[in-house]
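Asker: Protein chains in written order, with this note's numbering: chain A, 1 to 340; chain B, 1 to 291.
Just so you know, the hints here were simulated from the structure itself, not pulled from any lab data. Treat the hints with care, as some may be off.
To give an idea of the interface, some chain B residues facing chain A are shown, with a C-beta separation under 7 Å as derived from the structure [as the list claims (entries may be wrong)]:
id, residue
1, L66
2, E106
3, G188
Just so you know, these numbers come straight off a predicted model, no measurement behind them. We put the CB at the ideal spot given by N, CA and C, even for glycine.
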Amino acid sequence: MAQQTVDTFEGLLARGERIEPGDPMPEAYRSALVRQMAQHAHSEVIGMQPEGAWIGRAPSLRRKAVLLAKVQDEAGHGLYLYAACETLGAQRAELTRLLLAGAQKYSSIFAYPTPSYADVGTIGWLVDGAAIVNQVPLCRTSFGPYARAMVRVCKEESFHQRQGFELLWTMMQGTDVQRALVQESVDRFWWPALMMFGPPDADSAHSAQSMAWGIKRHGNDELRQRFVDMTVPQAEALGVTLPDPDLRWNPERGSHDFGEPDWAEFREVLAGRGPCSTERLAHRQRAHDDGAWVREAARAYAEKSSRVHADTSTIPASVVEPVETRRVAERLTTRSEEKR
Amino acid sequence: MSLLDDGWAFGAEFADPLASLDTSIPDGVDGALLAAYALGLADDALVAAQRMTWWCSRAPELELDLAWANVALDLLGQARPLLVRAATAEPALVPALPAGSPIPAEDALAFFREPAGFRNHRLVEGADADFAQAVVRLLLLSTTRLAVFERLRHSRDQVLAGVAAKGVPELAYHRDLAAQWFLVLAGGTEESRRRTVAAVAALWPLHVEALETHAVEVAAARAGVGADPADVREQVAAVLGPLLETAGVVPPPSGRARPAATGRDGAHTAEFAPLLDEMQSVARAHPMGRW
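Bound-form chain A, shown alone (with noise of 0.2 Å):
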């Protein structure tokens, strides 16, 4: 039986066809992507803070309502993917205990701070565009609820690049003191934006397995030489020098030469001490322990709602209809898709 589930797994990764939840897979395979898609869905929910955290603060209306979109669309994208996450069997509250307890992790680079506003364009031109490097591959990745979410979540990453790079342009338009705000955010995440493709293959734990088993489809530097490359005509569009003295085209490899990250901060920050890394945790804590009344109170009224009908027959119907018969969930997620 045993031999029969891997061959027909074998067999789907080897004609090229997505794994689905039903389909037999191997308990390394299920266990890894739950692991690889949590981890996913953490980075989403606490990447909402460095920027969220500007929100109040946008410097003009038009920004305000761009950067909220975008915070939002950080929310749905956990949502998907801890969505994903439950094909699986994992459920969303168990992997944010998992998440709060420190048992799983979230991507490096949301444990560094963002102390000025120019912080949320160079997020949406490095991070996001570093992500979308790592992920429109997964796109294509085996298993398939992910690859499926991916394909949204990478259309609203790359608009999302697009904005952040549309502010650091103009501010490179606007005052002296614009322009050496952007060139010091450049400085301080480049190097942690190269950070996130993993360390080099090489010493990369779980690298080879996921090729093997289609989740991965390129090795991390491979991506990380792919957004170099990418970036770099980016950067001297718009006025910025990037903080690596070794950054050189290579006229033989028909690629940029760069310099290596300082992997021992990386290994730090992994480790869970990075700048943030305390801050950020203890703000999805406080968030979790505040809401629980609320998660609460919801659960209490569902259990009564399915015993006993509420009467909320002298409400006008246009007011409220009744809660059980609606997902609120479902509903929003369909609405914030009409916004975009």
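On the provided structure of chain A, position chain B as indicated by the hints.
Answerer: For chain B alone, coordinates are given in the frame of chain A:
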């Protein structure tokens, strides 16, 4: 940016979200009156949106992060053309900026006015003590604003009529969202019920205040461009009454004397100046900035 088009994963284009507005003032309407009226409606939406954005990354559930952001985006979308309307009807309202500043009128109004220049109701300016207050505040705001906007669809002013026509379905959704959560929280656990009752008690006087008639609103209604809140009181009560009754929540008696001055006069609570300090801090640091 066209030179970079090849570098993006999925094409590139950026559209200005502000559509062109027909800003001619209707015959016989005083521009200063129209501006003052539009400013009150704009500030209600702007300040409410500013408070709601606090919940983004702090809501009890991811779905609520999304929902509150949606509502705040709708309200920002209402505030912006209303501010433009105020600025075009009465340019003297727009705070002066250094010569050559690229900052548009809507942002000059949002980020460079002092607290006393804001005309929002005090209902929208307080920080939510908890999620029950967020729900009750949204319920009260959206119910009254929806009733006003339904009338404003017939305003003689094309900008107000257009903003209202677009806003009515948005506000109907906000009211629906808030009403559903109101029932859930009032009927959920003992704690959620206690918090909901407390939120109604705390916010109800400010709701009553928002339904008071102000001289600007009376004049705007008479000129055929605005709506008098007094005219929507019954409609608002017909919505909130049965909802509160179903939830078993009794509003406090509205015996408090009307204050001499309200938010519509520029009189605000102690919480308002710190809200503006935060909202305006970056914009004010760069009066010649481009964003």
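Asker: All the hints need checking, so say for each whether the structure fits it.
Answerer: Hints versus structure:
no.: 1; hint: L66; in the structure: holds, 5 Å
no.: 2; hint: E106; in the structure: holds, 6 Å
no.: 3; hint: G188; in the structure: holds, 3 Å
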